[in-house]
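Visitor: Listed here are the chains, written in short residue letters.
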Amino acid sequence: AQSVSQHNHHVILSEAASLELGCNYSYGGTVNLFWYVQYPGQHLQLLLKYFSGDPLVKGIKGFEAEFIKSKFSFNLRKPSVQWSDTAEYFCAVNALRGSNYQLIWGAGTKLIIKP
Amino acid sequence: DVKVTQSSRYLVKRTGEKVFLECVQDMDHENMFWYRQDPGLGLRLIYFSYDVKMKEKGDIPEGYSVSREKKERFSLILESASTNQTSMYLCASSWEGAGELFFGEGSRLTVL
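Order-wise, the sequence lines are chains L and W. Quick note: the first sequence uses our numbering, first residue 1, plus one each step. Quick note: the second sequence uses our numbering, first residue 1, plus one each step.
Please keep in mind that the hints were generated in silico from the structure rather than gathered at the bench. Computed from a predicted model, the values in this text were never measured in an experiment. Idealized CB from N, CA, C, for every residue including glycine. Hints are not guaranteed to be accurate.
[Claimed, not checked] Computed from the model, here is a short list of chain L residues facing chain W with C-beta under 7 angstroms: (1) Ser18; (2) Leu19; (3) Leu44; (4) Trp105; (5) Gly106; (6) Ala107; (7) Gly108.
Please build the complete structure, drawing on both the sequences and the hints.
Guide: Pasting the structure below:
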C-alpha cells in the first residue's frame, strides 16, 4: 500500500541549529511531493513542492527539500532554525489511487525550537 | 488570496446528535476535501468532491456523509455523533487533483 513515513514525531532544537526532517514514501509511479507546515493556532499551509525538474526545491522562510528518486525520499532542510519555526511539519505525496490522484500524508513531525 | 472558511472553530456535541460542518471557498476551485487530523496519525481523508453533486469516499468515510450542492460549499455531516469522532476536522480545496491544497483553519469537535 502507498504510504508516507516521517522519521521523527518530535524534534527539539536550539535556535541556529541545522534542521533535517526525513520523509520517505512508497509509491512506484510519478509523484508530486509536498511539505506543509502548521504553525500553532494557524491553518496548514504549503511550505514547498516538487513536481518535476531540479530535485532541490526552495520554499518559503529559507526551507529547502531534496527529492532523491532512488531513495524514495524528500527530506526537508533548513541551515539555521529560528524560534518562529516551531510548528508541525507534514510531508505529503500525490499518488494515483484508483482513477484519482490523492494526497497521502505522513504522520507529521512536531518541531520545537528552544530560544 | 485564496480563502477557505469553516463555519465553526469549536463545537461541543452530545453522543447521538447530528452535526453539520460547513466549508466555503472563494476561488472557484473544482476540488474540495474533508480530512480529520489526530495526533500521531497525520491527516486522514474522509470524503472528497471533484464537482458539484459529486462525492467520493476517502480512507475513513464510515459514520460521515457529505453534501456539495454548490461549487463553493462542501458540508460534512455526522448523522449520529460518537465519542470516537472527537477530532480536528480540516476542509481543503484545490484547482486540480494533483496540485496544492488550500486549508481552512479547522473545526475542533468534541463529542461528549
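Visitor: Run every hint past the structure and note whether it holds.
Guide: So, going through the hints one by one against the coordinates:
Interface hint status for Ser18 of chain L: violated, as the beta-carbon distance to the closest one in chain W is roughly 25 angstroms, over 7 angstroms. Here the hint on Leu19 of chain L is broken, as its CB sits about 20 angstroms from the closest CB of chain W, past 7 angstroms. Interface hint status for Leu44 of chain L: upheld, as the beta-carbon distance to the closest one in chain W is roughly 4 angstroms, under 7 angstroms. For Trp105 of chain L, the interface hint holds, since its Cβ comes within 7 angstroms of a Cβ in chain W; the closest pair sits about 4 angstroms apart.
Given hint, Gly106 of chain L at the interface with chain W, holds; its Cβ is 6 angstroms from that chain's nearest Cβ, closer than 7 angstroms. Taken as an interface hint, Ala107 of chain L checks out: its beta carbon lies about 4 angstroms from the nearest beta carbon of chain W, inside 7 angstroms. Taking 7 angstroms as the C-beta cut-off, the interface hint given for Gly108 of chain L holds, the closest approach to chain W being about 5 angstroms.
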